[in-house]
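Protein sequences, first through last, are from chains A and B.
Going by our numbering, the first residue of the first sequence is number 184, and it counts up by one from there.
Going by our numbering, the first residue of the second sequence is number 184, and it counts up by one from there.
Simulated from the structure, these hints should not be mistaken for lab results.
Copies of the same chain look alike in the list, so a pair counts if it fits in one copy or across any two.
Derived SDA-like pairs (lysine to any residue); straight-line CA-CA distance at most 25 angstroms:
| hint | residue 1 | residue 2 |
| --- | --- | --- |
| 1 | LYS466 | GLU384 |
| 2 | LYS235 | GLU379 |
| 3 | LYS354 | TYR236 |
| 4 | LYS449 | GLN315 |
| 5 | LYS449 | GLU384 |
| 6 | LYS449 | GLY314 |
| 7 | LYS235 | THR372 |
| 8 | LYS311 | PRO295 |
| 9 | LYS235 | THR335 |
| 10 | LYS311 | ASN299 |
| 11 | LYS354 | PRO238 |
| 12 | LYS473 | ASN212 |
On a predicted model such as this, the values are computed, not experimentally measured, just so you know.
Number of protein chains: 2
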Amino acid sequence: MSDHEEEKIFNLNSLRISPVTSEVEKTFNFDDYVAEKVNHVNEALDDAVPVKYPPTIHEAMRYSLLAGGKRIRPMLCIAACEAVGGHHSAAMPAACAVEMIHTMSLIHDDLPCMDNDDLRRGKPTNHKVFGQGVAVLAGGALFVLAIEHIATATTGVAPNKVLAAVRELAKAGGAEGLVAGQAVDLSCTGNNQNVELETLEYIHLRKTAALFEASVVLGAIFGGGSHEQVEKLRIFARKIGLLFQVVDDILDVTRSSEELGKTAGKDLAADKTTYPKLLGLEKAMEFAEKLNGEATEQLADFDREKAAPLVALADYIARRQN
Amino acid sequence: MSDHEEEKIFNLNSLRISPVTSEVEKTFNFDDYVAEKVNHVNEALDDAVPVKYPPTIHEAMRYSLLAGGKRIRPMLCIAACEAVGGHHSAAMPAACAVEMIHTMSLIHDDLPCMDNDDLRRGKPTNHKVFGQGVAVLAGGALFVLAIEHIATATTGVAPNKVLAAVRELAKAGGAEGLVAGQAVDLSCTGNNQNVELETLEYIHLRKTAALFEASVVLGAIFGGGSHEQVEKLRIFARKIGLLFQVVDDILDVTRSSEELGKTAGKDLAADKTTYPKLLGLEKAMEFAEKLNGEATEQLADFDREKAAPLVALADYIARRQN
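Construct all of the structure, not just a fragment, from the sequences and the given hints.
And the structure:
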């Protein structure tokens with residue numbers, strides 16, 4: 184399926200509310216699951232970036248990486264690993280790597296020459312604390328560390344699997360992934376009269392969905408998933424990635440900075456095109472429901488119990504309040 | 184050998200002029216060699232970064248990558264591949280990757296929040312043309328592309344070799360390589376009363392020698408070199424990397440901007456610590472000769488004809504005028 188065809192999946196011609204997944208949820212305690220796994224991830228991240236010489240750069244990396252984010256990408260990675268029958272420990276290097284890349288993109292996005300943001304995860308942004316030069320370097324170093332971590336912390340795994348993971352990460356982080364999304368986003372800011380739904384989706388599929396995709400695909404690869412499973416999870420992740428961004432746009436107009444832990448109303452202030460702006464709040468919320476339903480449909484052939492964490496994560500992303 | 188022991192190699196207790204290598208040079212036309220190989224590299228780099236959507240980011244990547252640098256790292260990579268008996272084509276993906284990483288470091292180093300340079304390779308710097316936001320993104324994207332290129336353009340090569348190459352690149356580009364060098368350099372600028380020779384070497388071993396090392400090691404790996412050959416070439420590259428920087432410092436005080444294709448006298452203007460400043464010009468030049476001699480000694484057990492390009496490159500780096 185070409186990029187173009189895949190993107191058409193998200194067209195808005197047939198908005199409808201998808202069936203919710205409460206039946207599966209009943210047998211699975213999401214809060215306990217997340218609490219346990221986030222703990223594991225935070226410990227692994229702490230171990231992965233020791234304080235070394237030169238201290239400033241390592242402190243800057245740790246400052247943003249260990250700032251207590253929601254760890255949604257590591258969760259998706261681990262849940263995908265489990266959905267194909269793997270043990271969560273097999274996904275841990277990949278879970279750390281995707282969070283490092285995510286943190287890199289946050290540090291760079293917040294720079295004055297990008298989105299110019301002072302607040303992130305309830306704390307001053309990296310460049311506010313360490314200066315712009317160190318922030319640029321720390322962001323870059325986190326991407327490099329992600330690659331290094333995946334290539335070194337996966338001993339015992341077949342090299343061709345590790346290489347496949349490296350390729351996925353590079354695709355997600357590069358000029359056709361994260362960077363493409365950020366570049367188009369940057370070029371649209373302050374020039375919004377021409378931003379259409381197609382462009383908005385282009386941005387979000389790259390800025391958000393690409394790394395969701397890598398997270399889930401890496402989890403499935405290291406969990407021993409089949410090619411068919413990996414490709415179904417890839418589509419699941421793209422839809423969930425777009426869903427995440429639609430919800431983010433909705434929260435920006437409906438919540439306060441205090442509730443979000445970052446500057447609220449920023450999209451409106453910057454006259455940024457968002458789903459609520461293009462579709463109206465109600466239709467944007469309907470679109471979110473639709474994406475959630477379509478994503479979980481991809482999991483129909485998976486073991487229901489093993490896939491429960493992924494289903495619950497999709498629901499969490501759809502219904503989160505910050 | 185630990186990092187500490189390796190660094191002691193470069194102590195200045197026994198400055199002496201090393202034997203020159205003119206005997207080997209006589210049988211080898213360096214200019215023809217470089218002209219032919221640089222052509223191959225430039226074509227491969229052009230192919231590796233096509234103009235795609237979004238255009239700005241790809242144009243920014245191409246602007247700096249195809250700006251006609253000396254291609255010393257790709258040359259070292261190819262020459263190392265040939266020194267162990269490989270064909271230059273086996274080193275081409277690695278040669279492109281190391282030049283991409285080098286270009287990333289130049290784009291980021293030139294940013295206003297780093298060295299704040301307006302001129303590079305005789306042209307306005309990346310951020311002067313495309314803006315700081317795009318320059319940060321283009322630099323990052325070049326690193327990602329380097330990894331992706333090495334992981335995808337090496338079909339037919341054993342995956343464990345490719346993974347070893349990925350690890351080397353990540354080590355060279357990350358928080359203990361390039362980024363460490365730039366971070367310490369940044370922290371020293373404007374605070375030079377305390378910069379000693381040890382710190383200066385720390386910076387250059389990471390800012391310059393680490394990527395020289397990766398270039399040569401990757402060339403040797405893809406050329407089919409033995410472990411012993413790879414490790415000898417690793418030491419060769421570290422010494423040549425430091426040599427390159429000593430010569431760079433010397434040229435900064437002895438040449439004009441026009442001759443260099445970049446701003447001259449910049450180190451002096453910024454009150455930056457350099458080898459000429461710490462050692463005096465003559466001792467700095469002697470140190471350069473010494474490093475050149477020690478580097479080429481590492482090649483004693485290599486086939487003389489096959490290693491001739493490496494020897495000539497070391498001499499070129501020692502004697503270059505820009």
